[in-house]
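Chains as they are written, first to last, in my numbering: chain P, -12 to 238; chain L, 343 to 616.
Everything labelled a hint here was simulated from the structure, so no lab data went into it.
Nothing here was measured: the structure is a model prediction, and the numbers come from that model.
Hints may be right or wrong, so weigh each one.
To be verified - As a list, the in silico PhoX-like pairs of lysine-lysine whose alpha-carbon atoms are at most 20 Å apart: (1) K410/L / K364/L; (2) K68/P / K13/P; (3) K166/P / K35/P; (4) K559/L / K68/P; (5) K378/L / K392/L; (6) K116/P / K166/P; (7) K68/P / K392/L; (8) K68/P / K12/P; (9) K68/P / K426/L; (10) K564/L / K426/L; (11) K559/L / K410/L; (12) K68/P / K561/L.
Unchecked claim - Derived coverage of chain L by chain P (criterion: at least 3 residues anywhere in the stretch with Cβ under 8 Å from a Cβ of chain P; other residues may be distant): (13) 374 to 383; (14) 386 to 392; (15) 552 to 562.
Each residue gets a CB set at the ideal place from its N, CA and C atoms; glycine is no exception.
So the chains spell out like this:
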Amino acid sequence: PSSRQAVLVACENYSQVVDTLHLAKKVLGEILAAFEYMDQPILDLVGKDKIIPLLDESGENYPYCILIETQGSSEEHDSVKMESFLEAAMEEELVVNGIVAQDLQQVHNLWEIREHCGVAVSSNGRTYKYDISIPYDQFDPVVTDLRERLKETHPEALSLNWGHIMDGNLHVNVLMPGKFEKDESLTARLEEYIIDVVISHKGSVSAEHGLGQDKNAYLERVKDSNVIETMKSVKKLFDPKGILNPGKYFP
Amino acid sequence: HCSKYKVLIHIIKYTPYQLIMKILVGVKRVVDYAVKVRVQNNTVDLNNIKMSLNPFCEIAVEEAVRLKEQKVADEVVAVSIGPKQCSETLRTALAMGADRAIHISTDLRTDYMELQPYAIAQIFQKVVEQEQSDLVLLGKQGIDSDCGQTGPMLAGLLGWPQVTFAANIETDGKSMTVERETDDGTETIQIPALPAVITCDLRLNEPRYATLPNIMKAKKKKVDTLVAEDMGIDLTPRNEVLEVFEPPPRKEGIMVDDVDSLLDKLRNEAGVIE
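The shape of chain P in the complex, shown without the other chains (with noise of 0.2 Å):
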């Protein structure tokens, strides 16, 4: 594209990160090409490691940071659009600050963090990774109620999220700072608690990655049991001796 445009915008709450979606949707319509947000503890996570540069006034993380990037073929035409939707968002107080990039390296600069999310946290400990799809104005309270729930029984534990909001994917990650094996009864404890989310709210339990090994056993919570007979009888209708991809998907 020969038109990009980054900015990274700071929000005090998760209703106006997801009103600020819905405004980008709406005023940068076609030429949004990414709306990711990170909230403060992963933030605090990567600022270990990287220049944060979005802070607030007493140098700490915002509540939440979205990167939000524009691609197209025009840069003055998106370079108003973007305008538009930044003075809008200023206006309706959805983002109490931001950073608009004014070069390509800065773009770059602003992608690094989100890019080091990951690392930071598979650097830090084991992290027990869910990759959800529920509706995406429930994210808060889940990770809210799934933060209370941890700190009965697992205290240290920290709970970091983020995600590419746009298509309702939410990485969840739990990190045990420091422990790098598997702590089984972490993993009991939030299973349960994802597995009942996600059936609730009728979303995935694998929205972007694939069902790969982990989540083969929960396959038969989360779909009905003639379902999954029909799934078994069209792999084997594909795969008759069971020779494609073995032990993944179905257990």
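Since the structure of chain P is provided, determine the placement of chain L on it from the hints.
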């Protein structure tokens, strides 16, 4: 008679006993550093290409704004020469903290193809004289032309002291101590008194980002426009550009069979070891 005293007190209170420094900063609109340029019709193709603030000029703006924040300077004026899109470049400078801007409008190319350093320096000279600036901060060079000439030429035209490739600036408001980068190391130069011209190098500072609130504020800051062709300066280029071409593609490396062959090549072909 009450009001007469009030007026007197007003004058005494606001008469500065400390030097008020007015800084002029050059901000050049150039092809973005990250873009791979193409050559078309014996010149660099600027069609639909991403342009942004020259990185060295950005460093100059940052330094000027810091001097203002340190209360050493009281006004920063940003100047840009080029087409109407220079307003975006000036807006970046204003969002970083410049107080107002001057756009010298021209459709001549400023990447050495049409407008060249001598004319640019003369334009700056006129603006500096008009603005009565005390300090001119420029980037050490434009990343398009790579000349590094505007600063020294401007200092020569003004008859002012100059320090180029500044990597550190310290001042008490009157004199300045500037560290400059050279191939042999760092050189420290003392400017006993202003006015002066300083060109800024990479190590001088890390420019701030333009924040949303500041970008909104920048829209309300004053931008004056002058037309380059009306300034009574001969803008014709002094140097003729004969040819513009892309550097030849890198030669393919060769594989050698063993260490002895490698040493042989290094010694006898490349001539890098004895």
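To see whether the hints hold, each was checked on the structure:
Between K410/L and K364/L, the direct Cα distance comes to roughly 9 Å. Compliance with the 20 Å bound is thereby established for this hinted pair. For the suggested pair K68/P and K13/P, the alpha carbons sit about 10 Å apart, so the restraint of at most 20 Å is met. Between K166/P and K35/P, the direct Cα distance comes to roughly 18 Å. Compliance with the 20 Å bound is thereby established for this hinted pair. Of the pairs offered as hints, the one joining K559/L and K68/P holds, with about 19 Å between alpha carbons and a cut-off of 20 Å not exceeded.
With a CA separation close to 10 Å, the supplied pair K378/L and K392/L stays within the 20 Å bound. Between the alpha carbons of K116/P and K166/P the distance comes to roughly 15 Å, so the proposed pair stays at or under 20 Å and holds. Pair hint K68/P plus K392/L holds up; C-alpha atoms about 17 Å apart against a cutoff of 20 Å. Our distance criterion of 20 Å between C-alpha atoms is met by K68/P and K12/P, whose separation comes to about 11 Å.
Between K68/P and K426/L the alpha-carbon distance is near 19 Å, which keeps this suggested pair within the 20 Å criterion. Of the pairs offered as hints, the one joining K564/L and K426/L holds, with about 15 Å between alpha carbons and a cut-off of 20 Å not exceeded. Between K559/L and K410/L the CA atoms are separated by roughly 17 Å; this keeps the pair inside 20 Å, and the hint holds. Of the pairs offered as hints, the one joining K68/P and K561/L holds, with about 16 Å between alpha carbons and a cut-off of 20 Å not exceeded.
Restraint check on the stretch 374 to 383 of chain L versus chain P: 4 residues with Cβ-Cβ distances below 8 Å, three needed, restraint holds. Check on the stretch 386 to 392 of chain L: 3 of its residues sit with their Cβ under 8 Å from a Cβ of chain P, so the three-residue criterion for coverage holds. Only when three residues or more bring their CB closer than 8 Å to a CB of chain P does the claim for the stretch 552 to 562 of chain L stand; here the count is 6, and the claim holds.
The earlier numbered hints are all upheld by this structure, with none contradicted.
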